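Enquirer: Let's have the full structure, built from the sequences with the hints guiding it.
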Amino acid sequence: MISNEKVITADKLTKKFGPFVAVDQISFEVNKGEIFGFLGANGAGKTTAMRMLCGLSLPTSGTATVAGFDVYKENELIKRNIGYMSQKFSLYEDLTIRENIRFYAGIYGLSDQRIKEKTNLLLKQLSLEGKEKTLVRELPLGWKQKLAFSIAIVHDPAIVFLDEPTGGVDPITRREFWSLIYEASEKGITIFVTTHYMDEAEYCNRVSIMVDGRIDALDSPANLMKNFSADSMDGVFLQLARKAVRNE
Amino acid sequence: MRALKFLLQKELRQIFRDPSIFFILFIMPMIQLIILPLAADYEIKNINLGVVDHDHSEYSQKLINKIVSSGYFRLRDYSATFPQGLHAIELDKTDLILEIPAQFERILVKENEATLFVAANSINGVKAGLGSAYIQGIIQDFNQDVRMQWIQLPRLSPQPTIEVTSSNWYNENMNYKVFMVPGILVMLVTMIGSSFASNNIVREKEIGTIEQINVSPLKKTQFILGKLIPFWMLALSVLTVGLLIARIIYGIVPLGHYLTIYVFAAIYLLAILGLGLLMSTYAQTQQQSMLVSFFVTMIFNLLSGLYTPIESMPQWAQIITKLNPVSYFIEVMRMVVLKGSGLVDIKYHILALLGFAVFFNTWAILNYKKRSG
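As they're listed, the protein sequences go chains A and B. Residues in the first sequence are numbered from 1 upward in steps of one, following the working numbering. Residues in the second sequence are numbered from 1001 upward in steps of one, following the working numbering.
Since the hints were derived computationally from the structure, they do not count as laboratory data. You may find that some hints are simply not true.
DSSO-like mimics (lysine-lysine), calculated; alpha carbons at most 27 Å apart, straight line [as the list claims (entries may be wrong)]:
no. : chain 1 : residue 1 : chain 2 : residue 2
1   : B       : LYS1005   : A       : LYS131
2   : A       : LYS73     : B       : LYS1205
3   : B       : LYS1322   : A       : LYS16
4   : B       : LYS1347   : B       : LYS1369
5   : A       : LYS144    : A       : LYS133
6   : B       : LYS1062   : B       : LYS1045
7   : B       : LYS1045   : A       : LYS116
8   : A       : LYS12     : B       : LYS1369
9   : A       : LYS144    : B       : LYS1177
10  : B       : LYS1205   : A       : LYS133
11  : B       : LYS1005   : A       : LYS133
12  : A       : LYS144    : B       : LYS1205
13  : A       : LYS88     : B       : LYS1219
14  : A       : LYS88     : B       : LYS1205
15  : B       : LYS1220   : A       : LYS88
A quick note: this is a predicted structure, and the numbers were derived from the prediction, not measured.
Expert: Structure below.
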């Protein structure tokens, strides 16, 4: 499914907060249909980089395009073509499952017919049939995360950005979550995901590892393990992350 | 604008799912409108009177009786000497001392002239001022009685007196409630509108859902309208409940049209809600926005002419009231309810409020940023 078409390009993308350089001249490209892992310790700059690509934060310097649109000028056009799932759970807890789906599908301009189809499909996919009138606040965390992911791609975006989507979720649910990611990837959606779990990093086609705002390594998991002569991604990550001078 | 439909639907669902909505819509207006007008009455009653009577005559007794029977005073202390009377004031037992000198009756009869002494505790200036005025009026009346009784009236009164009779317009019985209830209703609608609006966006910031909105193609104007319209409807509902209470409990039926009130309220609320939304685009936490909106509404209410007439404020304060949307609504409410003013009479008020509405809402939209710097 991976083509050579570039859906994300970043060139020397930088973000400074006063004297603090959160993201330091990162350059990379993501191919269409790829599952691209974005790794790094806490405070390495992953979320900041992702927010710039999503049009939520204005870059200080450098260039980047997402889905063919410029992050400086065409940020509102980018937003039509991406899905985003933030670190903080961001569905409305006082609305039901169905109401949340309807709201997010609605603001992305889906027709009523399409919303209905999508809702049924999504409920079936998540085995939530019959629970559509449950308030989201009453769902267990794992379910919430799966629902949030499904809603983030309800409008079939070209790319979906996931910021630590499986934080605090049990291993079984994490596995289920990743099968949702694969399903989305097979439909042609490019996945851009940050994570702390090294087993998850191995599910990605390519991973980049950020240290102190810079990208220190970028390759497929197999190549990384070979180059760093480690037998797991854990080993690769530890070698790189230990070099960090920046505290949290 | 299809997206707006989904925003409104979502917002209304959230509002009506919150159990406190019943309290806000019905209980709050009831409590405010039933209790406040009864308590916030400017007529001073129950002034505690202390008497130092050195005369102990028939006349001094008559005078005291007359004062007490007026209904404004309660005789709380009866001292033998002035220092003792003063002590009662110091103990907060009395507000006012009337000292009747020895031989008051004799001097009055013999010399046609006698003096009384009134001392008032003016920690509460209004009470002291009104108390002295009341007691002076009663003494004057007493004076007339004495003259009628004792003095042979000459055919032509040597002292021509001009008597002033006044007739009260618009609120013939000077019923305080008729004046206060419309004002308190304005205050209520303002409080509910501004605090709801100012808290709402901040709440989405705190929960993190605003991020999900910011990453969507939703336009800023749509988002602000999606917040404005539901609270606008909510506040108009509170106004309706309030007008019903005013009618049922106080029998206040506006001389003008209800429509005039609603037209003005509709524009007024756009301004107040715009201000609330503006505050919420600046605040980061609900605590901040609560404090700021509390501060602003308090200043607005105190400088609105609700409690004190704007005309008696110092010049600078009068200028501030021109920048205060609340003062316009209170004035309009009183004009429509008491004088029966129509839309033509309040056209300048409407224009001013339209100005506020455009100003605050434009600012709110400009300051709401989907992307941080």
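Enquirer: Does each hint fit the structure? Answer for all of them.
Expert: Outcome of the hint check:
1. LYS1005(B) with LYS131(A): Between LYS1005(B) and LYS131(A) the Cα gap is close to 25 Å, so the pair holds against 27 Å.
2. LYS73(A) with LYS1205(B): Distance ~25 Å between LYS73(A) and LYS1205(B) Cα, so the pair holds.
3. LYS1322(B) with LYS16(A): violated, 44 Å
4. LYS1347(B) with LYS1369(B): Violated. LYS1347(B) to LYS1369(B) sits at ~35 Å, over the 27 Å cutoff.
5. LYS144(A) with LYS133(A): Between LYS144(A) and LYS133(A) the Cα gap is close to 14 Å, so the pair holds against 27 Å.
6. LYS1062(B) with LYS1045(B): It holds: about 21 Å lies between the C-alpha atoms, which stays within 27 Å.
7. LYS1045(B) with LYS116(A): violated, 68 Å
8. LYS12(A) with LYS1369(B): The given pair, whose Cα atoms are some 25 Å apart, holds under the 27 Å limit.
9. LYS144(A) with LYS1177(B): The given pair, whose Cα atoms are some 54 Å apart, is violated under the 27 Å limit.
10. LYS1205(B) with LYS133(A): Between LYS1205(B) and LYS133(A) the Cα gap is close to 25 Å, so the pair holds against 27 Å.
11. LYS1005(B) with LYS133(A): holds, 21 Å
12. LYS144(A) with LYS1205(B): Answer holds: LYS144(A) to LYS1205(B) is near 19 Å, not above 27 Å.
13. LYS88(A) with LYS1219(B): holds, 22 Å
14. LYS88(A) with LYS1205(B): Holds - the C-alpha atoms of LYS1205(B) and LYS88(A) are around 11 Å apart, at most 27 Å.
15. LYS1220(B) with LYS88(A): holds, 22 Å
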